[in-house]
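Engineer: Top line first, the protein sequences correspond to chains A and B. Our numbering applies: residue 1 is where the first sequence begins, and numbers increase by one. Our numbering applies: residue 1 is where the second sequence begins, and numbers increase by one.
Hints in this document: simulated from the structure, not taken from any laboratory. Certain hints may be false.
[Said to hold, decoys possible] Sample of chain B residues facing chain A (criterion: CB under 10 Å; computed from the structure):
id, residue
1, G35
2, T37
3, T56
4, I59
5, L62
6, L67
7, L69
[As the list claims (entries may be wrong)] Label pairs and their computed distance ranges (CB to CB):
id, chain 1, residue 1, chain 2, residue 2, range
8, B, P41, A, V533, 39 to 47 Å
9, B, Y60, A, T524, 35 to 43 Å
10, B, I17, A, L587, 42 to 50 Å
11, B, E5, A, A364, 53 to 61 Å
12, A, G640, B, G16, 40 to 48 Å
13, A, N459, B, L67, 35 to 43 Å
14, B, A36, A, R60, 28 to 36 Å
15, B, I17, A, T583, 19 to 27 Å
16, B, G16, A, I594, 55 to 63 Å
17, A, G535, B, P41, 36 to 44 Å
18, A, I594, B, E5, 31 to 39 Å
Where is the CB? At the ideal position from N, CA and C, for every residue including glycine.
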Amino acid sequence: MLKPSRMKKLRVATLKDHRYDLIKRLHELGVVQITDFGERIGSPEWSQLLTRSYGEPIVRKITSLIMSYGRILNLFQTVDPIAKEGLVKALFSPPPQKKISVEDICGEELINKAEKLLEGVTEDVSASEKEYHLLEEKISDLEELKTSVEKVKNLDIDLSYVGTSRFVSVFVGLISKDSCDRLVIETNEITKECVIYFRESSKEENAVVITVINEYADEVISSARKLGFEQQNVSKAKGKPSDAILAIESEIVRAKKERENVRQKLVESARRWRDEVEATQELLSIERERGDISSNFAETEETFVLEGWVEARRTEQVEKEILETTNGHAIVQTTEPDVSDDVPIKLDNPRFLRPFELLTKMYASPRYDEIDPTFLIGPVLAIYFGLMLGDAVYGLFILMIGCLLYRGAGKVSESLHDMSVILLAIGASTIVFGVLQGSYLGDFAPAFLGIDPPFRLLNPLKDPTQILRIALVIGIAHLNIGLLVAAYQNLQRKDYHSLLHGQMIWFIIQPCAAVLLFNFFGWTTLPFSLIVVAGVGAGVGILLLMLKEGPLGILSLTGFLGNWLSYVRILALILATSGIAMTVNILTKMIAEIHPMAIFLAIFVCIFGHLFNFILNCIGAFVHSLRLHYVEFFSKFYVGGGRDFRPFKATRRYTELMKNTA
Amino acid sequence: MIPVEIGLGLAIMGAGIAMGMSAIAQGIAAAGAVGATAERPEIFGKGLVFSVLPETQAIYGLLIAILILAGIGLLG
Numbered sequence: 001m002l003k004p005s006r007m008k009k010l011r012v013a014t015l016k017d018h019r020y021d022l023i024k025r026l027h028e029l030g031v032v033q034i035t036d037f038g039e040r041i042g043s044p045e046w047s048q049l050l051t052r053s054y055g056e057p058i059v060r061k062i063t064s065l066i067m068s069y070g071r072i073l074n075l076f077q078t079v080d081p082i083a084k085e086g087l088v089k090a091l092f093s094p095p096p097q098k099k100i101s102v103e104d105i106c107g108e109e110l111i112n113k114a115e116k117l118l119e120g121v122t123e124d125v126s127a128s129e130k131e132y133h134l135l136e137e138k139i140s141d142l143e144e145l146k147t148s149v150e151k152v153k154n155l156d157i158d159l160s161y162v163g164t165s166r167f168v169s170v171f172v173g174l175i176s177k178d179s180c181d182r183l184v185i186e187t188n189e190i191t192k193e194c195v196i197y198f199r200e201s202s203k204e205e206n207a208v209v210i211t212v213i214n215e216y217a218d219e220v221i222s223s224a225r226k227l228g229f230e231q232q233n234v235s236k237a238k239g240k241p242s243d244a245i246l247a248i249e250s251e252i253v254r255a256k257k258e259r260e261n262v263r264q265k266l267v268e269s270a271r272r273w274r275d276e277v278e279a280t281q282e283l284l285s286i287e288r289e290r291g292d293i294s295s296n297f298a299e300t301e302e303t304f305v306l307e308g309w310v311e312a313r314r315t316e317q318v319e320k321e322i323l324e325t326t327n328g329h330a331i332v333q334t335t336e337p338d339v340s341d342d343v344p345i346k347l348d349n350p351r352f353l354r355p356f357e358l359l360t361k362m363y364a365s366p367r368y369d370e371i372d373p374t375f376l377i378g379p380v381l382a383i384y385f386g387l388m389l390g391d392a393v394y395g396l397f398i399l400m401i402g403c404l405l406y407r408g409a410g411k412v413s414e415s416l417h418d419m420s421v422i423l424l425a426i427g428a429s430t431i432v433f434g435v436l437q438g439s440y441l442g443d444f445a446p447a448f449l450g451i452d453p454p455f456r457l458l459n460p461l462k463d464p465t466q467i468l469r470i471a472l473v474i475g476i477a478h479l480n481i482g483l484l485v486a487a488y489q490n491l492q493r494k495d496y497h498s499l500l501h502g503q504m505i506w507f508i509i510q511p512c513a514a515v516l517l518f519n520f521f522g523w524t525t526l527p528f529s530l531i532v533v534a535g536v537g538a539g540v541g542i543l544l545l546m547l548k549e550g551p552l553g554i555l556s557l558t559g560f561l562g563n564w565l566s567y568v569r570i571l572a573l574i575l576a577t578s579g580i581a582m583t584v585n586i587l588t589k590m591i592a593e594i595h596p597m598a599i600f601l602a603i604f605v606c607i608f609g610h611l612f613n614f615i616l617n618c619i620g621a622f623v624h625s626l627r628l629h630y631v632e633f634f635s636k637f638y639v640g641g642g643r644d645f646r647p648f649k650a651t652r653r654y655t656e657l658m659k660n661t662a
Numbered sequence: 001m002i003p004v005e006i007g008l009g010l011a012i013m014g015a016g017i018a019m020g021m022s023a024i025a026q027g028i029a030a031a032g033a034v035g036a037t038a039e040r041p042e043i044f045g046k047g048l049v050f051s052v053l054p055e056t057q058a059i060y061g062l063l064i065a066i067l068i069l070a071g072i073g074l075l076g
């Protein structure tokens, strides 16, 4: 619990014959992180012995199969989209993921099966798919034509004339009204063998027909374009524009109906094949991972060697599995990590603390020889949050959300499960501190119901100095826990220099400063000798600070003071919650007193005001309790920067292995 | 009108200024972070850190205000 899980370096050498079986076994076990042997092969002493392994050749085939499967799944998704759950349903009652039992097949056998399935599916869908795409294209063409024709619908001509015939070319299009005169003049300058005909199309534009003999067609049309003539391609339409539009529309309807028929066929195929395709794609992805991992190995002609990390407590199990899989033809070596090794980090906390690992990781995973601060963050964060939000009804609300999430999406997603446990913890703590602060929706109880809340120990609005003192005590305690942890770590590392300068100084300065302060403000009368000792102690402490950091060391004093005073934010957030809640209640009362009917508006204001306060201060309380940990607390002892343990593990979302073959 | 001693009034004003000024400075820092985040959304995390760092000073403002109010006997 105190430190990340102890790791051992694993090295396995065995015959190539067993390579695939071994990979598969480790993949299903999912407890070994395989590291790349590759870099060391470059060095002369290794390169005489070993060469680099490459991924299995089968991988390329698998990749192309995965892509084909992806394309088919895309098609299925287009024609038969899986309805997305609403956010509320997805969070609070997600449907269980159905899993398909699959046989434990792999290698060539799997590829053959996958190819056969692909063939079957392709045969089933390819004709319809082609037809579907053609119809899509047709519909979009028709729609484009329809927009073009609509633009010139005021022209009273048969559109089948548009285009180039033996002697003349006919163009239709739009041109801005201002340019019409210019168009006529400029065209007449090019040729007199030309007829131009306008009709109003919209407020700014005219529809125009330009008829010109073929000889001058290019020249006329390019000069017209310079004037802003926007040619419409309506050559596929027949008859007068209004008739043409009707014809196109009915054709679109027909095409859409046809497309729907084809889509239904595809939907049938999708329903028939989808699950199997998804499952097979997953099997292929797993197979590809197995193929790819060999590129991390090194090999001789007949043998290969792999390296990795395994949790110390699992070494025996892994060793046994490896020997079993290879019929004992393997050398398995597990060694303690060297100081220079970049050991992967697996946090190791009891079940009830595990959800809070999320908060540690959000900052940084600890290094291998560091204390894992999760056990310190979890409970204290809950206390801070509860204290800061400090309202029993708000707390109940969080608890309810946490409960729903725990029973809903928490069952499907691990991170949401962690989230829900954190919510449950901070919700419970908020209720406790809400009761202690006598706050139920702020001062709702005394203001509206005339009840004086029982069990009230604190009253932040009446007596903030009381909470100020509590916040400062909490702060100094929290900082000293941080210093103690740092001292413990330095003792373990036998780093007495850091211990003296980093922590002992503060253990000397703090009590001395306390004595001097008490004396200065005259809070108590202290014996003179004690004051002298405290003065000397404080002087020595400051001298030590300056010795290490030079004259600027004095700034560490203000820095420490700053960290301590930062805990006053606990008071600030308590005041914010109860202050806003009280304001909402006052507003509600004011509105309700205007008129008996205004009571509905008052209820509305009350609900939304408290909702606003709840959301705002939940965010505030969470960010600030996290900040007190990350900035003030962690700066005393925590560095972090460890790399997470990522075991070689098969992830199965759609499939599960049948028991008898696993 | 309620007669208020000038000293009391000044003290209350001082408390108000202590809070208000520190909050303004915090606002400026946060505005910088918001601007940076608007240009490059991926630095949201860093922006958040830099905007919450000076807020400690805003809290000193609150602390001073409360001490002043407590000192003149309005609180506690």
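Engineer: 53 to 61 Å was suggested as the range; check whether the CB atoms of E5(B) and A364(A) agree with it.
Structural biologist: With Cβ atoms ~54 Å apart, the hint holds.
Engineer: Hint validation: L62(B) versus chain A, beta carbon distance must be below 10 Å. Holds or violated?
Structural biologist: holds (5 Å)
Engineer: Against chain A, is T56(B) within 10 Å by beta-carbon distance?
Structural biologist: Holds: closest Cβ of chain A sits about 5 Å from T56(B), inside 10 Å.
Engineer: Range first: 40 to 48 Å. Now tell me if the beta carbons of G640(A) and G16(B) are that far apart.
Structural biologist: Once the Cβ atoms are compared, 41 Å apart, the range 40 to 48 Å for G16(B) and G640(A) holds.
Engineer: Between the beta carbons of G535(A) and P41(B), is the distance compatible with 36 to 44 Å?
Structural biologist: For G535(A) and P41(B) the Cβ distance comes to about 54 Å; the hint is violated.
Engineer: Just to be sure I understand the hint, the distance between the Cβ atoms of P41(B) and V533(A) should be within 39 to 47 Å; is that true here?
Structural biologist: Between P41(B) and V533(A), where Cβ atoms are some 57 Å apart, the hint is violated.
Engineer: For the restraint on L69(B), tell me whether the closest CB of chain A is nearer than 10 Å.
Structural biologist: With Cβ-Cβ at 8 Å, under 10 Å, it holds.
Engineer: Do the Cβ positions of A36(B) and R60(A) conform to the proposed distance bound of 28 to 36 Å?
Structural biologist: violated (45 Å)
Engineer: So does N459(A) sit 35 to 43 Å from L67(B), Cβ to Cβ?
Structural biologist: violated (19 Å)
Engineer: Go ahead and decide if the range 55 to 63 Å is satisfied by the Cβ distance of G16(B) to I594(A).
Structural biologist: violated (31 Å)
Engineer: Would the hint on L67(B) stand, with a C-beta cut-off of 10 Å toward chain A?
Structural biologist: This interface hint holds because 8 Å falls under the 10 Å limit.
Engineer: Could you tell me whether the CB distance from I594(A) to E5(B) stays inside 31 to 39 Å?
Structural biologist: For E5(B) against I594(A), whose Cβ atoms are near 38 Å apart, the range 31 to 39 Å holds.
In this structure, the hints that do not hold are numbers 1, 2, 8, 9, 10, 13, 14, 16 and 17, in rising order.
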